[in-house]
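Chains as they are written, first to last, in my numbering: chain A, 1 to 112; chain B, 1 to 116.
Derived by calculation from the structure, the hints in this document are not laboratory data. Heads up, the beta-carbon is just placed ideally off N, CA and C, and yes, glycines get one too. Please note that a few of the clues may not be correct.
[Unchecked claim] DMTMM-like cross-link-like pairs, simulated, lysine to aspartate or glutamate; straight-line CA separation at most 25 Å: (1) A:Lys104 x B:Glu85; (2) A:Lys107 x A:Glu14; (3) A:Lys3 x A:Glu31; (4) A:Lys111 x A:Glu31; (5) B:Lys11 x B:Asp63; (6) A:Lys104 x B:Glu44; (7) A:Lys3 x B:Asp56; (8) A:Lys69 x A:Glu14; (9) B:Lys15 x B:Glu72; (10) B:Lys57 x B:Glu72; (11) A:Lys104 x B:Asp56; (12) A:Lys107 x B:Glu44; (13) B:Lys57 x A:Glu55; (14) A:Lys3 x B:Glu44; (15) A:Lys107 x A:Asp82; (16) B:Lys57 x B:Glu44; (17) A:Lys69 x A:Glu31; (18) B:Lys17 x B:Glu44; (19) A:Lys104 x B:Glu109; (20) A:Lys107 x B:Glu109.
[Said to hold, decoys possible] Some residues of chain B that are not near chain A, with every Cβ distance over 12 Å (derived): (21) Lys11; (22) Glu14; (23) Val19; (24) Glu20; (25) Ser27; (26) Gln37; (27) Ser62; (28) Phe65; (29) Arg69; (30) Arg95; (31) Ile105.
So you can see what is in the structure, the chains are spelled out below.
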Amino acid sequence: DAKTTQPTSMDCAEGRAANLPCNHSTISGNEYVYWYRQIHSQGPQYIIHGLKNNETNEMASLIITEDRKSSTLILPHATLRDTAVYYCIVRVYGGSQGNLIFGKGTKLSVKP
Amino acid sequence: GAGVSQSPSNKVTEKGKDVELRCDPISGHTALYWYRQRLGQGLEFLIYFQGNSAPDKSGLPSDRFSAERTGESVSTLTIQRTQQEDSAVYLCASRHTYGDSGNTIYFGEGSWLTVV
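The task is simple: from the sequences and hints, build the whole structure.
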């Protein structure tokens, strides 16, 4: 079973920030938080990952709480093309770690 | 190309036939994964290859499903005696194992299988 819980769906107005929450209360000390998204009919796309510090890249920002039991993915200026299912996953960094366990994700709908 | 390549992109087959799906991982990626996604559903793990280690086959749904990978190259997923419930998109992913690049898993665009 997935180690994360996310809301089933969210709406966001185009141009506004989209804040997608994720709970991972059983996360282990060596597990990272990863975010992927899946646009309809495409393979999942990597967005960002982090351990305990907040992270930012060209796609998004990741805010992780101090106790690491939850995190928020922020898309600062959502566009219609950001409509997708967003998956929050926890896993050990690199090495010989096995598969990614995907939950049901959050279906984000960006509306004009 | 630089990404994970899968073929065929679409396959329609008759119930009872065997199908073979191919995955070309990113060059140098030692880890390779197969997932299945039925329409409107989440991703189901099928099998994981890591270098020369024995593959993790724990996600294969039945003995009709098998996969092979030679070294760190191409992988083939075979479904024998296909059933209608096998209709899904089959996604392949790969990643490098070590160093800073060892964290990101890259997915292909999938092979859409329809069993009629």
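Going down the list of hints, with the structure as the test:
1. A:Lys104 x B:Glu85: 20 Å, holds
2. A:Lys107 x A:Glu14: 15 Å, holds
3. A:Lys3 x A:Glu31: Given pair A:Lys3, A:Glu31 holds - Cα atoms ~11 Å apart, limit 25 Å.
4. A:Lys111 x A:Glu31: 34 Å, violated
5. B:Lys11 x B:Asp63: 21 Å, holds
6. A:Lys104 x B:Glu44: 11 Å, holds
7. A:Lys3 x B:Asp56: 20 Å, holds
8. A:Lys69 x A:Glu14: Given that 25 Å is the threshold and the Cα spacing comes to 29 Å, the pair is violated.
9. B:Lys15 x B:Glu72: It is violated: about 32 Å lies between the C-alpha atoms, which goes past 25 Å.
10. B:Lys57 x B:Glu72: Holds, at about 17 Å.
11. A:Lys104 x B:Asp56: Holds: A:Lys104 and B:Asp56 sit about 23 Å apart, inside 25 Å.
12. A:Lys107 x B:Glu44: Judged against 25 Å, a Cα distance of about 18 Å means the pair holds.
13. B:Lys57 x A:Glu55: 34 Å, violated
14. A:Lys3 x B:Glu44: 15 Å, holds
15. A:Lys107 x A:Asp82: 10 Å, holds
16. B:Lys57 x B:Glu44: The given pair, whose Cα atoms are some 12 Å apart, holds under the 25 Å limit.
17. A:Lys69 x A:Glu31: 11 Å, holds
18. B:Lys17 x B:Glu44: 23 Å, holds
19. A:Lys104 x B:Glu109: 19 Å, holds
20. A:Lys107 x B:Glu109: At roughly 19 Å apart (the allowed maximum being 25 Å), B:Glu109 and A:Lys107 satisfy the hint.
21. Lys11: At about 15 Å from chain A, B:Lys11 clears the 12 Å cut-off, so the statement holds.
22. Glu14: Its Cβ never comes within 12 Å of chain A, the nearest being 24 Å, so this holds.
23. Val19: Given that every Cβ of chain A is farther than 12 Å from that of B:Val19, nearest at about 19 Å, it holds.
24. Glu20: Fine: 19 Å to the nearest Cβ keeps B:Glu20 off the interface.
25. Ser27: For B:Ser27, whose nearest Cβ neighbour in chain A is about 18 Å away, the distance exceeds 12 Å, so it holds.
26. Gln37: The claim is violated: B:Gln37 sits with its nearest Cβ about 9 Å from chain A, within 12 Å.
27. Ser62: Label holds. Min Cβ-Cβ 18 Å, cutoff 12 Å.
28. Phe65: B:Phe65 clear of chain A: closest Cβ-Cβ about 15 Å, beyond 12 Å.
29. Arg69: 15 Å, holds
30. Arg95: Check fails; 8 Å does not lie beyond 12 Å.
31. Ile105: 6 Å, violated
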